[in-house]
Amino acid sequence: MLRDGPGGSESHAMIRPGTIQHLISLLGRDRVLDADEQLIAYGFDGTATLRETPGCVVFPETTAEVSAILRHAHAEGMPVVPRGSGTSLSGSAVPVPGCIVLCTARMERILEVDADNLQARVEPGVRTAALNEAARVHGLFYPPDPGSMNISTIGGNVSHNSGGLRGLKYGVTRDYVLGLHVVLADGRILKTGTACVKDSAGYRLKDLFIGAEGTLGVVTEILLKLSPIPRAVKTMLASYTSIRDAAATVSAIIAHPVIPCTLEFLDRTTLQCVEAFAGIGLPVDAEALLLMETDGHPAVVEEEADVMMAIAREHGATDVKAAGSPAEAEQLRTARRSAFSALARRAPTVILEDATVPRNRLAEMVAFIQETADRYRLQVGTFGHMGDGNLHPTFLTDERDRDEMARVHDAFRDIFEKAVSLGGTITGEHGVGLSKKDFLPLVVDDTGSDLHRVIKASLDPRGILNPGKIFG
Amino acid sequence: MNQPQAIRLKRLDYRILETCIHCGMCLPTCPTYMATKNENASPRGRIAMMKAVASGELSPGGHFADEMYHCLGCLACQTACPADVPYGFMLEEARADVEASRVLATPARSFTRRMLLSHVFPSRVLLRGLGTMLWLARRTGLQSLALRTGLVRLFSRRLDALAPLAPPITRPFTAMGYRTPGNPNGPNVALLAGCVQDIAFADVNRDSVTVLEKLGCRVSIPRGQQCCGSLHAHNGELETARRLARINLDAIDPLAFDAIITNAAGCGSHLRHYARLLRDDPDYRERAEAWDKRVQDLLAFASTFPRLPESRAPRGARQRLTYQDACHLVHGQKIHAAPRTLLKALKEYEWIELPDSTRCCGSAGIYNVTRPEQARALGNRKIGDIRTTGADVIAVANPGCMVQLRALSREHNLPVRVVHPVTLLAESWQ
Ligand SMILES: Cc1cc2nc3c(=O)[nH]c(=O)nc-3n(C[C@H](O)[C@H](O)[C@H](O)COP(=O)(O)OP(=O)(O)OC[C@H]3O[C@@H](n4cnc5c(N)ncnc54)[C@H](O)[C@@H]3O)c2cc1C
Ligand code: SF4
Ligand code: SF4
Numbered sequence: 246m247l248r249d250g251p252g253g254s255e256s257h258a259m260i261r262p263g264t265i266q267h268l269i270s271l272l273g274r275d276r277v278l279d280a281d282e283q284l285i286a287y288g289f290d291g292t293a294t295l296r297e298t299p300g301c302v303v304f305p306e307t308t309a310e311v312s313a314i315l316r317h318a319h320a321e322g323m324p325v326v327p328r329g330s331g332t333s334l335s336g337s338a339v340p341v342p343g344c345i346v347l348c349t350a351r352m353e354r355i356l357e358v359d360a361d362n363l364q365a366r367v368e369p370g371v372r373t374a375a376l377n378e379a380a381r382v383h384g385l386f387y388p389p390d391p392g393s394m395n396i397s398t399i400g401g402n403v404s405h406n407s408g409g410l411r412g413l414k415y416g417v418t419r420d421y422v423l424g425l426h427v428v429l430a431d432g433r434i435l436k437t438g439t440a441c442v443k444d445s446a447g448y449r450l451k452d453l454f455i456g457a458e459g460t461l462g463v464v465t466e467i468l469l470k471l472s473p474i475p476r477a478v479k480t481m482l483a484s485y486t487s488i489r490d491a492a493a494t495v496s497a498i499i500a501h502p503v504i505p506c507t508l509e510f511l512d513r514t515t516l517q518c519v520e521a522f523a524g525i526g527l528p529v530d531a532e533a534l535l536l537m538e539t540d541g542h543p544a545v546v547e548e549e550a551d552v553m554m555a556i557a558r559e560h561g562a563t564d565v566k567a568a569g570s571p572a573e574a575e576q577l578r579t580a581r582r583s584a585f586s587a588l589a590r591r592a593p594t595v596i597l598e599d600a601t602v603p604r605n606r607l608a609e610m611v612a613f614i615q616e617t618a619d620r621y622r623l624q625v626g627t628f629g630h631m632g633d634g635n636l637h638p639t640f641l642t643d644e645r646d647r648d649e650m651a652r653v654h655d656a657f658r659d660i661f662e663k664a665v666s667l668g669g670t671i672t673g674e675h676g677v678g679l680s681k682k683d684f685l686p687l688v689v690d691d692t693g694s695d696l697h698r699v700i701k702a703s704l705d706p707r708g709i710l711n712p713g714k715i716f717g
Numbered sequence: 000m001n002q003p004q005a006i007r008l009k010r011l012d013y014r015i016l017e018t019c020i021h022c023g024m025c026l027p028t029c030p031t032y033m034a035t036k037n038e039n040a041s042p043r044g045r046i047a048m049m050k051a052v053a054s055g056e057l058s059p060g061g062h063f064a065d066e067m068y069h070c071l072g073c074l075a076c077q078t079a080c081p082a083d084v085p086y087g088f089m090l091e092e093a094r095a096d097v098e099a100s101r102v103l104a105t106p107a108r109s110f111t112r113r114m115l116l117s118h119v120f121p122s123r124v125l126l127r128g129l130g131t132m133l134w135l136a137r138r139t140g141l142q143s144l145a146l147r148t149g150l151v152r153l154f155s156r157r158l159d160a161l162a163p164l165a166p167p168i169t170r171p172f173t174a175m176g177y178r179t180p181g182n183p184n185g186p187n188v189a190l191l192a193g194c195v196q197d198i199a200f201a202d203v204n205r206d207s208v209t210v211l212e213k214l215g216c217r218v219s220i221p222r223g224q225q226c227c228g229s230l231h232a233h234n235g236e237l238e239t240a241r242r243l244a245r246i247n248l249d250a251i252d253p254l255a256f257d258a259i260i261t262n263a264a265g266c267g268s269h270l271r272h273y274a275r276l277l278r279d280d281p282d283y284r285e286r287a288e289a290w291d292k293r294v295q296d297l298l299a300f301a302s303t304f305p306r307l308p309e310s311r312a313p314r315g316a317r318q319r320l321t322y323q324d325a326c327h328l329v330h331g332q333k334i335h336a337a338p339r340t341l342l343k344a345l346k347e348y349e350w351i352e353l354p355d356s357t358r359c360c361g362s363a364g365i366y367n368v369t370r371p372e373q374a375r376a377l378g379n380r381k382i383g384d385i386r387t388t389g390a391d392v393i394a395v396a397n398p399g400c401m402v403q404l405r406a407l408s409r410e411h412n413l414p415v416r417v418v419h420p421v422t423l424l425a426e427s428w429q
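Line by line, the protein sequences are chains W and H. What the first sequence shows, in the numbering used here, is residues 246 to 717, in sequence order. What the second sequence shows, in the numbering used here, is residues 0 to 429, in sequence order.
Okay, chain W solo, but in the shape it has when bound (with noise of 0.2 Å):
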């Protein structure tokens, strides 16, 4: 995870001229980026610290387009990188040294919005936020919205499986994707999944490439679910003077049960620095946010709302208030949305991770996040997505103190292991990437990690899809 990636000219020396004039040749000179300076900006991915340069940056417009890349690629034993917008945080967008970064971002058209089937065919480089706007012209819109929303692809977000703030009622793009096109290793183009909203026809292929994070083909179009705009919303915040008390409304909430849309949590470090950049007026001097949201039928938003701030003051809220406006709603969404960046405002360097837990396990997760931090003499804020039981501990750190950065990996070890002692999981939504390999084994298995060798050897035999990442 923490490397220090030394990039430069040797391992550029990997690709080929010929390569370069093969690329040139199939989508015209301003489609293929090679020369040193311009590398640069394509040598890293939106996590800390991982660097590499690649040989050579190439923006397909069609699918064709991307088969006949691979077609090259895969006879030549050339490493391709897929990437959509480059904001992965596990570094699995980073290239590989010497290799063919292939950027979706110009396969960018929305192809249908069937508003009487709820659906959405969209090439992998639109954007979340987009597809959005397009959908809320006819009344609906794509749940999944990651904190990047704005910038991040639904190639992307596919390859991740991306969750987002209202995870907990909506689930995650899986959830979403009912067909997909992909271009295989080899070129051969693979068309799964169909319009319907059942199908029972063979395996379900299309879920082999949801969080495969571009290691077993590329997805050049994507079919969507969209749902209907609900017809009201409720946004609250809530303010504790206790982290402890905050994981536990979360639990009693689910517990109830209420099922609201967001349950997102901010703690005293981040929502200090979310302040200094939103300036909306956040108590910064609470020790937790809890920003919580339920949609739906109006009575039914009413009544849940009552519940959610009922319990929330039961379990030592000091300060529960509902938002006056939509647009004070949305400024709290946004604000939520900063978080990992507005960080930075603290150190130069910000690592956080993706630890999940069961629901009820909160309390103590958080608990031992803090501990750990003091243990290893490190600063840390914690937010996250606490309804889906995902936090992000996040170090705040400087990457040239060695000494830190061994401090900050360990810490890491130690909180994904109780993560999985609690019956959670090392990742909830950002993948494993590079910066999670040596962790995987917490989570898979030996029989887990010979069907994820196998099957990567029967997609990608010469293992050219951005290779290294998860495993391997």
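Because the hints were derived from the structure by calculation, they are not lab data. All values derive from a computational prediction rather than experimental measurement. Built from N, CA and C at the ideal position, the CB exists for glycine as well. Keep in mind that a hint or two might mislead.
[Unchecked claim] A few chain H residues facing chain W, derived, Cβ under 8 Å:
#1 14
#2 17
#3 38
[To be verified] Straight-line Cα separation of at most 30 Å, DSS-like style, residue types lysine-lysine; simulated pairs:
#4 H:9 / H:50
#5 H:9 / H:292
#6 W:682 / H:50
#7 H:333 / H:36
#8 H:36 / W:436
#9 H:346 / H:292
#10 W:414 / W:663
#11 H:213 / H:333
#12 W:682 / W:663
#13 W:470 / H:333
#14 H:292 / W:566
[What the hints assert, rightly or not] Now the in silico label distances, taken between C-beta atoms and shown as ranges:
#15 W:532 / H:284: 54 to 64 Å
#16 H:14 / W:548: 48 to 58 Å
#17 H:238 / W:530: 39 to 49 Å
#18 H:14 / W:666: 32 to 42 Å
#19 W:619 / H:12: 26 to 36 Å
Fit chain H with the ligands to the supplied structure of chain W, relying on the hints for placement.
For chain H with the ligands alone, kept in the frame of chain W given last:
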């Protein structure tokens, strides 16, 4: 890596460059990224290149230089960035490195830049001269050979593209040394006349005085003030920018005034950072700090008054008014609400929000001279947005943006009045 010591980016504090955690949250707000989907044209891509130059991994070459100038300097990325990355400051340093490396230097470019930045903008006489020539050039359809000589020839082929953008020359308003007695208890303010503003939009300065006086201020326009130096700083000429800053600091004693007022967004966002510009100058640093504290945009300043003058009643049907956020007001100075509060209070107008009002109109300092195609594409989108509002009047608080929107609305036959907000206040306030 020629002359590693000379690279300015290397001298920046590590913390400044490392503030960017390459999260990508700024990307969707960047006009050049959204138009190209190329990370080299994105804020985080540009920052990555700056970091590589700072670490010595990269020496400023052609692609680097090109991207530093492809950037509009609109600072939308700075507003979007939760991590508080000072992109505008880094861009100024990077452009200074580009100039020092001379990778872009061609005789024509060097000559044009030198004439414009070292001679024309700092000199009111030459600026007027250039303005008059461009204006004449437009009037005469470029027929006159004489016009192709002298200063105007600097632009050679660009002249055709530029001529419609040349602002008409207004009769100068600014009486340097102007002072009103005003209300002896009112705030004592100095008005900065600006360079382009004063030549091409002298009426905006006149209206600024009117507005300040209606607010009960004592207004002075101190003699000896000069171009603020923003164009120089934004275009890699930091030395000239510093020279101009010192001249202004000599001309205006910040401690003698309650506020130093500017009405041009582009100037304001630079004027508030003289201390940073002169951080290595012990003779001026302190005075510059006092200066920075007092510099205020006119609209933001006006909005702090608890009571504003009554606005006049509509004569007939109310006109529809919309507002474009000048980049260096909304992104450069974070002034968003103040102009809206002031304008919405004017009874003569019906207020309409402009969609995407915080997206750059393409004027971007001298961008519409240096990158006419990209500037035009952005300008055309802006005109499209304005059309959807059905506005009769669009207010924008920066001379460059006024020039751009006037030229393009004329070209697109969009009958809309492009005006500085302060002019509307001066007209309406009683
Ligand atoms: C500020 C911030 C907030 C975030 N919030 C969330 C959040 O709330 N929830 C969440 O789940 N994630 C979140 N993320 C993580 C990240 O944004 C998501 O994983 C997102 O889905 C990545 O999309 P992308 O287009 O940037 O993909 P990239 O980063 O470019 O790629 C991600 C992976 O997908 C592969 N890939 C991309 N496109 C294709 C394709 N067409 N075919 C095959 N493989 C492909 C890449 O090879 C890589 O392995 C956040 C990130 C940031 C920076
Ligand atoms: S400039 Fe700010 S928003 Fe943009 S990538 Fe860097 S940290 Fe993120
Ligand atoms: S200043 Fe404007 S054009 Fe330049 S990187 Fe930032 S958003 Fe993009």
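A quick look at each hint next to the structure:
1. 14: holds, 6 Å
2. 17: holds, 4 Å
3. 38: Hint on residue 38 (chain H): holds, closest Cβ of chain W at ~4 Å, below 8 Å.
4. H:9 / H:50: holds, 9 Å
5. H:9 / H:292: holds, 29 Å
6. W:682 / H:50: holds, 28 Å
7. H:333 / H:36: holds, 27 Å
8. H:36 / W:436: It holds: about 27 Å lies between the C-alpha atoms, which stays within 30 Å.
9. H:346 / H:292: The hint is violated at about 33 Å.
10. W:414 / W:663: With Cα atoms ~26 Å apart, residue 414 (chain W) and residue 663 (chain W) stay inside 30 Å; holds.
11. H:213 / H:333: Satisfied, since the Cα-Cα distance of roughly 25 Å is no more than 30 Å.
12. W:682 / W:663: The hint holds at about 17 Å.
13. W:470 / H:333: violated, 39 Å
14. H:292 / W:566: Between residue 292 (chain H) and residue 566 (chain W) the Cα gap is close to 37 Å, so the pair fails against 30 Å, i.e. violated.
15. W:532 / H:284: 54 to 64 Å: Given a distance of about 41 Å, which is not inside 54 to 64 Å, the answer is violated.
16. H:14 / W:548: 48 to 58 Å: Given range 48 to 58 Å: holds, Cβ gap about 50 Å.
17. H:238 / W:530: 39 to 49 Å: holds, 47 Å
18. H:14 / W:666: 32 to 42 Å: Holds, at about 38 Å.
19. W:619 / H:12: 26 to 36 Å: Cβ of residue 619 (chain W) to Cβ of residue 12 (chain H): about 30 Å, so the range 26 to 36 Å holds.
In the structure shown, a violation is registered for the earlier hints numbered 9, 13, 14, 15, in ascending order.
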